[in-house]
Amino acid sequence: MNYLTDEQVAQLAPDASSLKAGRDLSHEPKWLNFQSNERVLWGEVQGSGKNPYQTQIDLTNTAFKCSCPSRKFPCKHGLGLLFLVAKKNGEISSAIEEPSWVSEWMNKRSAKVNKPEVSTEEEISPEVLLAQAEKQAQAKAKRQEERYLKVQNGIAELELWLKDLVQAGLLTIPQKGAHYFERMAARLVDSQATGLAGLVKSFNKLDFFKNDDWQKESLELISKIYLLIEAFNRLDQLPPLVQEEVKARIGWNIQTKELLEREDIETINDHWLVIGRQTTIEEGLTMQKNWLWGLKSQKNALVLNFAFGGMAIETPILPGSIAHADLAFYPSNTPLRATVKNYISTVDYLPEPISGLSSWNEAHAKAIDILAQNPWTDTVPLLIEQVCIVFHQGKYYLQDAHETILKIDSTVSNEQIWKLLAITGGNAVSLMVLYQFDSVRPLGLVQNYEYLLLD
Amino acid sequence: MYWSHLKKTALLGTTKMPLQLEPLPEPIQKALAEEKNTEDLFLKASAMTLLYEKAGTMHEKVTFPNQAFSETETSEYSSKNIHAIWKGFLNEDKVNYYLVEYLLLQCTQNQLIVQDHLIVPILNKFFTKFKSKLYPVIGKKGLWLTQFNPDWQDKLIVDNVWTEGKPSARKLYFSKLRKETPNEALALLEASWSSETGKDLKDFLNEFFHRLSSQDLDFLNKVHEELAQIKKPKDITSDTIKIILRLKLGIYGCDWANSVAKHIVDLLPKYLDSEKKPVEIATFWEETKLRETLGMQPISPYRGVSDELYWISETLTYLHPQYIFDYFDNDIQKPIQKFVDTPESLLLNAFSQSMELATPDQIDMFLSSCDFSKYAWHDLIQFLNWERQEVLLMKNDSIDLAILKDFVLLNPHQEYSTKFSTYILSVLASVIVNPQTFYTLMYEHDLMSTLGRCFSTQLLKQLDNYPEQIQTEPHRNMWERSVVVPLKSSLYYKKMIQAEFLQKL
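Chains as they are written, first to last, in this note's numbering: chain D, 1 to 455; chain E, 1001 to 1505.
Bound conformation, chain D alone:
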């Protein structure tokens, strides 16, 4: 069966207590029964209620359903069942026939996905359709204009705010307090410039006590914001794809539904290796960043998923696995962000060896190529061959075959580096990394036909 590994299951847990409870439920005797087939995994477990809880998991989209009263999603029973299957390496009894409570749910899910869009309206003449389309286009243009004005007002205010900040000097930042930045961010949210709001909020993440790094970091933030302001002020002078990139960075995003309906967007069918995932939770919003690598197209993609209030994110994309899928890219002059348009299947092994860049200099050249087109680029995912970990003057570096070294990002824990050392033995390997210009963050390593994700 197509099962998730222990690490992959752990990533689905909404919180630490669910993770622990899930693991506790991974002992086989706790389950009255459990079975699976290609599409679904199900089991019954005796809980505190009178009847056993019925737990089911859609294996295609990693969706859960459980009859327990838990408000967490997935609940501990769903996680426990997945942990149990991971423990048994997927070797559990399979059944072609599903119990009615399972097939009912699964059939409902498939019906929802395959639901044809049936128009209940009567046949409409082309003239009417044209008129309707024109009306819709006018309404859309009006909405766009209104939004533009809103964003413009917000940006004008932000520009003044930014100039005040540099007039007073960065040394005043630590005294200003979180409220100062939150207030500006809130105004930007009101102006529908959520991307800029996020950048402004980043000032509150600076660590003023550790060392002086915050000084350069805050100037970098200021510069990034200023570049966006300048770009927005000259939006009509920019090429259309750059305009889209600027709007997306400001927070003027295209809705996924709209993106999938557009015909001018780039869609790529490929086997996408999920090279890494980063999940952050801020103000109740869970953001999941998935970096993908197209095995044929050699393209990078960033698939973002969001969920509110600790809800689980339903996605067929699992770190370390290879998803055969169509990805639709958001329009940009340096397309990276994408969404899954059509998921086909998951593959466990790399169908063919993959090759990457051979030196940090090559990596840098590739990164500055992107930077030249998109000055807001911070990270470039790439595959680098023959790099090894070296310890030099109290820090860890990745050294390429030409002896060039690049510092491993300071947020990468020693434990993660030691894990990498344990696997590689300090020998040269091919690594998927996030190249960050002056540092690097390893995501996983390619060994034979396998991709090993570093957690």
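None of these hints come from the bench; they were simulated from the model. None of the hints are false.
Here are the simulated DSBU-like pairs of lysine-lysine, each with C-alpha atoms no more than 30 Å apart in a straight line:
#  : chain 1 : residue 1 : chain 2 : residue 2
1  : D       : Lys201    : E       : Lys1016
2  : D       : Lys201    : E       : Lys1008
3  : E       : Lys1289   : E       : Lys1199
4  : D       : Lys205    : E       : Lys1044
5  : E       : Lys1094   : D       : Lys20
6  : E       : Lys1131   : E       : Lys1141
7  : E       : Lys1133   : D       : Lys20
8  : D       : Lys30     : E       : Lys1488
9  : E       : Lys1141   : E       : Lys1166
10 : E       : Lys1044   : D       : Lys150
11 : E       : Lys1495   : D       : Lys88
12 : E       : Lys1008   : D       : Lys224
13 : E       : Lys1125   : D       : Lys20
14 : D       : Lys224    : E       : Lys1007
15 : E       : Lys1054   : D       : Lys289
16 : E       : Lys1125   : D       : Lys72
17 : E       : Lys1080   : D       : Lys88
18 : D       : Lys224    : E       : Lys1036
19 : E       : Lys1054   : E       : Lys1016
20 : D       : Lys163    : E       : Lys1054
21 : D       : Lys20     : E       : Lys1461
22 : D       : Lys210    : E       : Lys1125
These numbers come from a predicted model, not from an experiment.
Mind docking chain E on chain D? Use the hints.
Using the frame of chain D, we list chain E on its own:
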């Protein structure tokens, strides 16, 4: 590099410190030549300069000696199932360390190492507890990895700990050696004792109370002779001599023990048998100076215990019990019964300590005759084979939680028979039904972990049913919570470990 130039304006603000373009790269200077607004100038200059620097970063080139691991593992990698057990232990919040140690031992004996990606989590979670015992299962690569984290290096592992180690490390080493191979420890100290400090020599000799035998006599005599020649001995030397004399009391047949025994057995009847007339006690202690020679306190430290009783008990502690048996014409049961019956618990305890020098049969006889609650039996029972230990414990009527704990924790890696495991379950049940100890087992994590390691896995089935004593709902709940849940969890692991290694065998 340009950051240092931007920094002044950035930190102090454009009002106090307007930006000078000159030090910046020429293309940036040109692009900004027309900019008049001070803030715009600074913002544009910093945005451009930071990008300029970002794009122009040149990475350093450094040659290092090869740091990579290049040896070949000689052990095999563990199977998928063993891997799953390790992962299970790593994921447990309250892991049963006795079972981890069991798995460690099995892997070590079978020369199996863990998968590479488990090395770091295993070292992180278990190093503090198991130190170098982990090294065989992490393999040569794991050992190579320990160089990157000093916390994973066992500082006690030094090849020449005896010759170069710190005093504390040497003492630990010697203590372990004396318990495991007393002759090797003897040889080691024989070779080095003359160069040891007075304090160290005293500490090492103290270890001779473990597994003392007639083979130690020559060495003890030699050291005694040499120390006795010192005209003005320091306190530490006098203390060491006293230790040697105490040790020699435990060597049956040596002159010193013979002479002391002769007097002591004469004194004993006063306490053991009121019908017999003992020698004059006060005179004895004054004449022999035995109290001073053995370094006993002049006044009894125990309330209600006379000085003489204290002195004789202390002497009995060190005296080989064969002298007592000889006195009773080798009718062992007789003196044992006398000690068991004596109202003086101090004497019974002293005798029980001296019994460590007796034969297993004598010890067995002694333990069979006496209630465990009356004396320190733990050290003695270890001289018997496991089967006898189980029988003795099951036979003893006075088993309570305290005795059970002492017994279980004494041998945390013992395999219990199903019968004995069932018996212990009944003891646990009686602890729960006793209102005074109803909650106690909830806090006995260590006891439960040890039982989870020692119990027969046959007990898994029995745990599904309540013992006879457990009848009421509160008792059942407490039983489930404090006994069934922890034991089942441990026994599943134990079953998995056994299944894996028994299959291998």
